[in-house]
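If you want the building blocks of each chain, they are given just below.
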Amino acid sequence: MNILAIETSCDETSVAVVRDGRYILANVIASQIPLHQKYGGVVPELASRQHVLTIIPVLDEALKRSGLDWAQIDAVAVTKGPGLSPALLVGLNAAKAIAFARQKPLLAVNHIEGHIYSNWLVSESDADSGITPPEPAFPALCMVVSGGHTELVLMTQHGEYKMLGKTIDDAAGEAFDKAARILGLGYPGGPAVQKAAESGDPARFAFPRAWLKGTYNFSFSGLKTALLRKAQEYGIETSRPAPWQKQIDPEQTAPMKESMPVPIVQREVPVRDLAASFQAAVVDALVEKTVAAAAEYKVREVLVAGGVAANALLRARLKERLAIPFRYPPLVLCTDNAAMIASAGYYRYAEVVQHDFSLDIEPSARFV
Amino acid sequence: MILALDTSTETASIAIYRPGLGVLAEQTWLSGREQTTQLIPNVQRLMSLVGIDTRTLTGVAVATGPGSFAGVRIGVSTAKTLAYTLDLKLWGVPSLDVLAYPQVAVTAVQVCALLALGRGRFAWALYRTRSARWQRLTDYANNTAPEICETIGKQEARLPTMFCGEIDGATSDVIGGNMGNMASIAPAAAGLRRAGYLAELALQRAANGEFDDPATLQAIYLQPKVEA
Ligand SMILES: [Zn+2]
Chain A
1238 MNILAIETSC DETSVAVVRD GRYILANVIA SQIPLHQKYG GVVPELASRQ HVLTIIPVLD
1298 EALKRSGLDW AQIDAVAVTK GPGLSPALLV GLNAAKAIAF ARQKPLLAVN HIEGHIYSNW
1358 LVSESDADSG ITPPEPAFPA LCMVVSGGHT ELVLMTQHGE YKMLGKTIDD AAGEAFDKAA
1418 RILGLGYPGG PAVQKAAESG DPARFAFPRA WLKGTYNFSF SGLKTALLRK AQEYGIETSR
1478 PAPWQKQIDP EQTAPMKESM PVPIVQREVP VRDLAASFQA AVVDALVEKT VAAAAEYKVR
1538 EVLVAGGVAA NALLRARLKE RLAIPFRYPP LVLCTDNAAM IASAGYYRYA EVVQHDFSLD
1598 IEPSARFV
Chain B
2 MILALDTSTE TASIAIYRPG LGVLAEQTWL SGREQTTQLI PNVQRLMSLV GIDTRTLTGV
62 AVATGPGSFA GVRIGVSTAK TLAYTLDLKL WGVPSLDVLA YPQVAVTAVQ VCALLALGRG
122 RFAWALYRTR SARWQRLTDY ANNTAPEICE TIGKQEARLP TMFCGEIDGA TSDVIGGNMG
182 NMASIAPAAA GLRRAGYLAE LALQRAANGE FDDPATLQAI YLQPKVEA
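In the order they appear, the protein sequences are chains A and B.
Per the working numbering, the first sequence starts with residue 1238, numbered consecutively.
Per the working numbering, the second sequence starts with residue 2, numbered consecutively.
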């Protein structure tokens, strides 16, 4: 079954074609990072205007790369939420138009569930070498870490989830964005902090870890405050939050991008050490809770998903600490992309297929 | 067969138009914030009413605003994707033109088309028939009702003006108070944007060999700057 999927929940316009939920025939992503960079975050109205312009060229490119014609597309999947309303609207109405025009089933997919299913996709390198890794084994522990989500979810079957814990304040990706803002490292924050941390000393500053004992919940706001205080001790001038920040859906503010040149100067302010110590504290919390939950629920695999899954330290520490297999998507599938929406649409087909065209966006959609 | 779509304000309108014959079916209704949920289901219903399916379509016309940002984007995203997916001709037509076109055809005075943008502001433009051709006299603008009356009052030729569009009682009072007997207000039913007229304006563009590209068609926002 070939599913064409559209994802426009934040600042990426993406269209993909995926066969049988795993094999990517095309996954075209038009990023808007340069458009939002000067604002230090995603401006929803700008994002939406850009989606309106980009949607058709991206759709055209994806269809051409897939080598398929409309008759060979079996269904159209689209992100219904969570995400930015003005952005979601563009993709959802485009998907409806295709499904209506070509009489295809329409599948409404939850964005976060999509991130989890990025672990079902066969990576380009595996596909090139002719290897098909087995599907993830249940029960699996999913750690969804993005700009707005930090959740530990037990997955016992397709569509069967139990929320074990989540952040009670900032999401991990949001914490990275705020740290990057405090340290003047630019946007997006995740890769910027990681880059600065590479040559820094993670042990120099003992930032607090909020363990929230007896739960699988997370908290990163105290850590952010500690970083801010320490930075101010060194006389860092912290930029004020942008006035539009209230408009921004926190889930979506900190997609991690593969690379972004950031000016790093080790002045008297130990920016690199601050970044390294901050990153170590975030990763510690994520890893400890994941290891504990994996043991308690005797899962067979750990699946990491979402923008922060691109963090190299997180991957390295999980590898050290977990005795069971864990997997994470290749970088291009960690950030928002339509291939993951196609995969979720395939495995959840019966539950997400629409019976008419009255589908609406769900900016605050939940999946557990 | 042309499908015409207009969701640029809370009032939506759709029509199926056969070139050379006219409107086969048209529906205009208060859709509110339900345009996403209501647009395709109503297009589907209208098409089945006249017994056609998407394979019969040759073109799609869409109102590109000004209007509500979300509303305009719903129409434009839907129309350009239909055009791309079915390989149809595509025309974007400004919403104010759709409003003014039927009025200009029947009146000798100039017409001021208004669309409520909320918070007392309106998108507007002036239209008039000159040398048997209807034309827009001003740029699409975003102002309050008193500002609009003031601008019209400064015109060199003092012409009676007929206002049409989304005009409530309070706005009507402001216009009357500012312009007295130089202003008249079109009946509310004539202030609807009807998609049949949208289709005709699209066909006028087609006759001039004008089409839009689904890859580049953009909405008219009237506030090009997004304040950060
Ligand atoms: Zn995401």
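None of these hints come from the bench; they were simulated from the model.
It is possible that part of the hints are untrue.
[What the hints assert, rightly or not] Below, simulated DSSO-like cross-link-like pairs (lysine-lysine); rule was C-alpha separation at most 27 Å, straight line:
1) Lys1450(A) - Lys1403(A)
2) Lys1341(A) - Lys155(B)
3) Lys1403(A) - Lys1535(A)
4) Lys1301(A) - Lys155(B)
5) Lys1535(A) - Lys1450(A)
6) Lys1535(A) - Lys1432(A)
[Unchecked claim] Here are some chain A residues pointing at chain B (derived, C-beta under 10 Å):
7) Ser1285
8) Phe1337
9) Gly1423
10) Ala1587
11) Val1590
12) Phe1594
The model shown is predicted, which means the values in this text are computed figures rather than measured ones.
Think of the CB as a built atom: it goes at the ideal place given N, C-alpha and C, for glycine as much as any other residue.
Results for each hint:
1. Lys1450(A) - Lys1403(A): holds (13 Å)
2. Lys1341(A) - Lys155(B): Not OK: Lys1341(A) and Lys155(B) at ~56 Å, beyond 27 Å, violated.
3. Lys1403(A) - Lys1535(A): holds (19 Å)
4. Lys1301(A) - Lys155(B): With a Cα-Cα distance of about 55 Å, the restraint between Lys1301(A) and Lys155(B) is violated, given a limit of 27 Å.
5. Lys1535(A) - Lys1450(A): With a Cα-Cα distance of about 20 Å, the restraint between Lys1535(A) and Lys1450(A) holds, given a limit of 27 Å.
6. Lys1535(A) - Lys1432(A): violated (35 Å)
7. Ser1285: holds (6 Å)
8. Phe1337: Because about 5 Å separates Phe1337(A) from the closest Cβ in chain B, which is inside the 10 Å limit, the hint holds.
9. Gly1423: violated (16 Å)
10. Ala1587: violated (22 Å)
11. Val1590: At 16 Å from the nearest chain B Cβ, Val1590(A) fails the 10 Å test, so the hint is violated.
12. Phe1594: Hint holds; Phe1594(A) Cβ to chain B Cβ min 4 Å, cut 10 Å.
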